[in-house]
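Undergrad: Chain residues, written in single-letter form:
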Amino acid sequence: MSDFLSGLMRFRRGPWEMVATILIAIGVFMLMQPFVLWAFTYSFIVTLIGTVMFIVVSHFPE
Amino acid sequence: MSDRTVDRVAQATPVRVARKIRGLSDRAIAWIFISPTIFLLLAINIFPLIWTIQLSFTNFKANRIGREVKDVGFRNYERILTDSDTWLNMQATAHFLFWTIFFQVLIGFTLAWLLNKKFRGNDLWTTIIVLPMMLSPAVVGNFWKFLYQPQIGLFNYIVSWFTGKDPSSFEMLGSVQLAPWAIVIVDTWMWTPFVMLICLAGLRSIPDYIYEAAEVDRASKLRQFFTITIPMVLPFLMLAVLFRGIENFKMFDLVVQLTGGGPGSTTELTSINLKREAFEKWRTGYASAYAIILFVTVFGLASIYVKALNKVKQR
Numbered sequence: 001m002s003d004f005l006s007g008l009m010r011f012r013r014g015p016w017e018m019v020a021t022i023l024i025a026i027g028v029f030m031l032m033q034p035f036v037l038w039a040f041t042y043s044f045i046v047t048l049i050g051t052v053m054f055i056v057v058s059h060f061p062e
Numbered sequence: 001m002s003d004r005t006v007d008r009v010a011q012a013t014p015v016r017v018a019r020k021i022r023g024l025s026d027r028a029i030a031w032i033f034i035s036p037t038i039f040l041l042l043a044i045n046i047f048p049l050i051w052t053i054q055l056s057f058t059n060f061k062a063n064r065i066g067r068e069v070k071d072v073g074f075r076n077y078e079r080i081l082t083d084s085d086t087w088l089n090m091q092a093t094a095h096f097l098f099w100t101i102f103f104q105v106l107i108g109f110t111l112a113w114l115l116n117k118k119f120r121g122n123d124l125w126t127t128i129i130v131l132p133m134m135l136s137p138a139v140v141g142n143f144w145k146f147l148y149q150p151q152i153g154l155f156n157y158i159v160s161w162f163t164g165k166d167p168s169s170f171e172m173l174g175s176v177q178l179a180p181w182a183i184v185i186v187d188t189w190m191w192t193p194f195v196m197l198i199c200l201a202g203l204r205s206i207p208d209y210i211y212e213a214a215e216v217d218r219a220s221k222l223r224q225f226f227t228i229t230i231p232m233v234l235p236f237l238m239l240a241v242l243f244r245g246i247e248n249f250k251m252f253d254l255v256v257q258l259t260g261g262g263p264g265s266t267t268e269l270t271s272i273n274l275k276r277e278a279f280e281k282w283r284t285g286y287a288s289a290y291a292i293i294l295f296v297t298v299f300g301l302a303s304i305y306v307k308a309l310n311k312v313k314q315r
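Heads up: the protein sequence lines correspond to chains A and B, in order.
Oh and the first sequence: position 11 is 11 in the UniProt record's numbering, straight run, nothing missing.
Oh and the second sequence: position 56 is 56 in the UniProt record's numbering, straight run, nothing missing.
For the record, the hints were derived by calculation from the structure and aren't laboratory data.
All values reported here derive from a predicted model rather than from experimental measurement.
Be aware that a few hints might be false.
[Claimed, not checked] Not close to chain A: a few residues of chain B, all C-beta gaps over 10 angstroms, as computed:
| id | residue |
| --- | --- |
| 1 | 135 |
| 2 | 296 |
| 3 | 307 |
[To be verified] Only pairs whose alpha carbons sit at most 25 angstroms apart, straight line, appear in this in silico DMTMM-like list of lysine to aspartate or glutamate:
| id | chain 1 | residue 1 | chain 2 | residue 2 |
| --- | --- | --- | --- | --- |
| 4 | B | 250 | A | 62 |
| 5 | B | 165 | A | 17 |
| 6 | B | 307 | A | 17 |
| 7 | B | 307 | A | 62 |
[Said to hold, decoys possible] Facing chain B, a subset of chain A residues (Cβ under 8 angstroms, in silico):
| id | residue |
| --- | --- |
| 8 | 27 |
| 9 | 34 |
| 10 | 51 |
| 11 | 59 |
In this text, a Cβ means the ideal position worked out from N, Cα and C, and glycines have one as well.
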């Protein structure tokens, strides 16, 4: 856990990619879940943030 | 031999061209070679993408070219993301996606595990199992339509043989309850071999000495399965899940052939709904926003897919 946090603080690729991946996964889940409409409404923005973040952080050092 | 070929090429090059090439740097020559590809990529992929993004902020209709095009800001996105019908289409897609992946992984992995055991006729069975994957989705859609026929369909007769029901008492493609399962069955039948092949590659990449070491340590077959087989095949399984997830998210041809999105809109997946908005209702601006939403989702999933692929490559 501390490795993950220090990786985030030092802008390392691995942990930041993990955060972006989780955001994308949450966004896709929100898009397709059958429970609440508001989650569907905000799904696109969550997926978009995750995707853009993934593109940016994939250029961070290992 | 290669020197002679080089000499022949050099001699065949016209003197004027040869002089020009000699004056160019290696970098410039490299750019000359890749520029047609870059141009094609820009023309076929990037330009339509940028144009679609631009159209998604307008009320443009492709069947009314002369009409004034108004900038509507984020209204198209807002309407899509607050529309309960679109939400239902997403749920239909989610149902299709979840169950197809579940069955494909379950059956695909089981088949791969069985085929990984050495037995006579192993290769023949692999070829037979892989056959559905090689067929065109249009062909598969058409012949499953016949199989699902209530009067003459083989599927209904098989089900009736097991359940004792009258074969014509249920319609797989005409019933609201059964139609979503009918498309799941067909996609599973068609694409399980693909998952099986990926799992088979994963299983065959596990070195025998790991199992031998486990045997020496007296690990049971069940323990070997859960502590060696599953963890080592997991990246391959993840790859298969992501690949099928992305493909099924865009599923169009098979479902159009089978149900056309019906009955009602129970099997209307997002891609079918998008096609209706774009080419039946001609709401091009709205459909462009819809396409961008789907594109961002698929792009996000594809990013994870590439990451998983790199992990598998590193092994």
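Undergrad: Looking at the structure, which of the earlier hints fail to hold?
TA: Failing hints, ascending: 2, 3, 4, 5, 11.
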